[in-house]
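Chemist: One-letter residues, chain by chain:
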Amino acid sequence: MTNIVVLNNRDHRDLKILDYLSAPVHIFKNAVCLYPDEYQHAALNQAILFSKDKNTGQFKSIVLFGIETNENLYVDLDNNWEDIYIPMELMAKPFSYVSDENNQPLLSLDLDCEYLNDTNGAEIYHTDGKPTDRLLQVASVIKEIIRQQEILDRFISTLMDLELIEACNINVTLSNEKKISLQSLYILNRDKLARLDHKSYQCLKENGLTSYIDTILNSEKHISSLIERTNTRLNQEKSSSSL
Amino acid sequence: MNECKHVVIVGGGTAGWITAGTIASQHKAGSSSHVIVSLVESPDINPIGVGEGTWPTMKNTLRKMGISETEFMRECDVSFKQGAKFCGWKNGKNDDFYYHPLMLPQGFTNSNLAQFWQANYAHQSFSKSLCFQEHLCEKNLAPKLITSAEYASIANYAYHLDSAKFSKFLKKHCIEQLGVNFISDNVVKVNSKQNQDIESVTTEHNGKLSGDLFIDCSGFSSMLIGKHYNVPFIDKSDVLPIDRAIAVQVPYKSEKSPIQSQTISTAQSAGWIWDIGLPTRRGVGHVYSSKHIDSESAKQQLIEYLHQTDSSDIDNLKFRELTIRPGHRDKFWVNNCVAVGLSAGFLEPLEASALVLVELSANMISQQMPKNRRAMSIIGKRFNTLFNYRWQRIIDFLKLHYVLSKRRDSSFWRDVTSVESTPESLKELLDLWQYQPPWIYEFEHAEEVFPPASYQYVLFGMGFKTQSAEKFSASEINFASKQFEKNAEMALKLTNNLPSNRDLLTKIKQFGFQKI
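Quick mapping for you: the protein sequence lines, in order, are chains A and B.
When we follow our numbering, the leftmost residue of the first sequence carries the number 1, and every step to the right adds one.
When we follow our numbering, the leftmost residue of the second sequence carries the number 244, and every step to the right adds one.
Quick caveat, the hints were computed from the structure, so don't treat them as lab data.
Please note that the accuracy of each hint is not assured.
[Claimed, not checked] Here are the simulated DSBU-like cross-link-like pairs (lysine-lysine), alpha carbons at most 30 Å apart as the crow flies:
(1) B:Lys499 x A:Lys199
(2) A:Lys54 x B:Lys271
(3) A:Lys54 x B:Lys307
[Said to hold, decoys possible] Per the computed footprint, the stretches of chain A lying under chain B, defined by three or more beta-carbons under 8 Å from a beta-carbon of chain B, are:
(4) 115-124
(5) 164-174
C-beta atoms are modelled at their ideal positions from N, C-alpha and C, and glycine is treated no differently.
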């Protein structure tokens, strides 16, 4: 269940909250939303795909951290993160935003999330009610997310208008013979991109979208590295259990 | 030879516009089979507009016309329909109900599990045992997620809709997107050629409108097939005596009232009440036999029903009365004229067969669009044979709902359950099904209006008994048990994961479905 509340220094002054580095690895989802200006950073190591938001059905761009729903292959068994790009959504976790009646964004928090932790969590307000550095940093990340959300929405709606997104089912047999099927994922349609008429291409170019597209296409090669990582992890678990 | 290049549809409404849209999208300008479609609709006559339930076929009908499901659902006050629930049909007791869902029984294409169910699982209803859809309906759940693409489903579905809004929506799409030539006018005269083909229709203000094929969508007035060609009407009131309807639109008690996932048909003393939940209101009506009850008593039964269900403001509701003439034309296609919709015939709306017959007719006309006048005679003959067969099958299937009833508590129930009122074709089927339950080899056509699975749901829902099989082999038992288990698993999984109808409909308004 979720219990989303607007953050304030009266009700939430004493809350202590984990961040992505201190939170236990099992609470991460394998897919994290990615915003357009992040593509070039994430694409160095990871594949950028599309999926639908489960609450709204709207498309978003994502980066995969694992194959199973709660898997993160970029954090080792001792909770250490690899040196990869950390998406803004992960940086801001578990904070988000809601809109007030004037459509102004307000910082929000899910009070039922597993990040609330009195022993290891960090304070978000000082005793005098002023926000801590952690909260200030989160607020600035969320401000950037809000700005980028508009760019993402425009990018996605252009791709949909030109029918450039297609469903992609990834079926793999892992080293332990287990068959995995990654569903509900979408990629750019390379055939249609190659056959794009001049007018559509100009439309993408004038809106500065071609570089996003190139970056995403280039990143797809990392899908296979994700599968390799899964196999490596399986082998590690196998050898550690046989010891 | 006279080419068939111009189709003239007389009458709008859902029948006219579905037919126009189906033909115009298949034979659009630029295609090798291009035909021009004109539709003349009277500005003075309002469509009947109580047909609020469709079949799953409507998904394909709309998709082929290039309609966005999101737009359709938002504009026509649409909700999801996952089947029909029949209450009080077996014996009229409080716990008397059964479902006719829109999905095949589990394992149906591989094996006929009806007898196995009867022998081992009959403590639980047939549809509950072998179709997870009943479980979803009982909880008012939606058949898909907001992440599902347009027209894609997790559980198969049809629609409940506002018929008047649907007509207007189709009209706009046909005119603006499909190039249908629209004439708002009254047809005052039909002009014949020497061979008795229709040469043209004369309109009040726009002169003569000539064409190669004329489609009669003029509703109950049956302007071309009835008044002009005098094709006899085959009255079926001896089999299905219902001939009146009182319809009413009922507001919900609250904005959060659940929206039913199925049409509910509740038996009364001389007919039955339909109950359809749209996003903003319910559509409820009592269809009855005027031979068995007077209109005031019928209205009282309807008001009584409204009091028992989630209704508000009953004293201020507007009740509309309609006359139904159960039956159909002897022929539907004569010379260069074919009847689609109410002009071809009408039966009580027990299984929402009206709109599906429009879709089937429009599809056949469009798929078989005659190249010329000579081909038209052959296609017309085929059309008549096929649709006569279809009307008989629908009549049999509707009658099946009645003949198996144990109710004898009114003269209506005694009459409709009588052997004399049952068609020979249905008697023969019932005779056969005593020894073997219906399955995939049952009927003559690949595209039956009601597939064998539908007969299973109604037969076993109504408590029909097929003689039990002697014994089952180990492999039969193994396969069957797995199907029952699988259904229970799916029911549990989906009831946990699917949103309520109301929640999903709210999200569709806000976000819409994606095309992929």
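Chemist: Three or more residues of the region 164-174 of chain A near chain B by CB distance under 8 Å?
Modeler: holds (count 3)
Chemist: Verify the proposed pairing of B:Lys499 with A:Lys199, using a straight-line Cα cut of 30 Å.
Modeler: 47 Å, violated
Chemist: Keeping to a limit of 30 Å between CA atoms, is the pair of A:Lys54 and B:Lys271 held or broken?
Modeler: 38 Å, violated
Chemist: Verify the proposed pairing of A:Lys54 with B:Lys307, using a straight-line Cα cut of 30 Å.
Modeler: 28 Å, holds
Chemist: Quick check: do three or more residues in the region 115-124 of chain A have a beta carbon closer than 8 Å to a beta carbon of chain B?
Modeler: It is violated: at least three residues are needed, and the region 115-124 of chain A offers just 0 whose Cβ sits closer than 8 Å to chain B.
Going down the numbered hints, you'll see the structure goes against 1, 2, 4, while the others check out.
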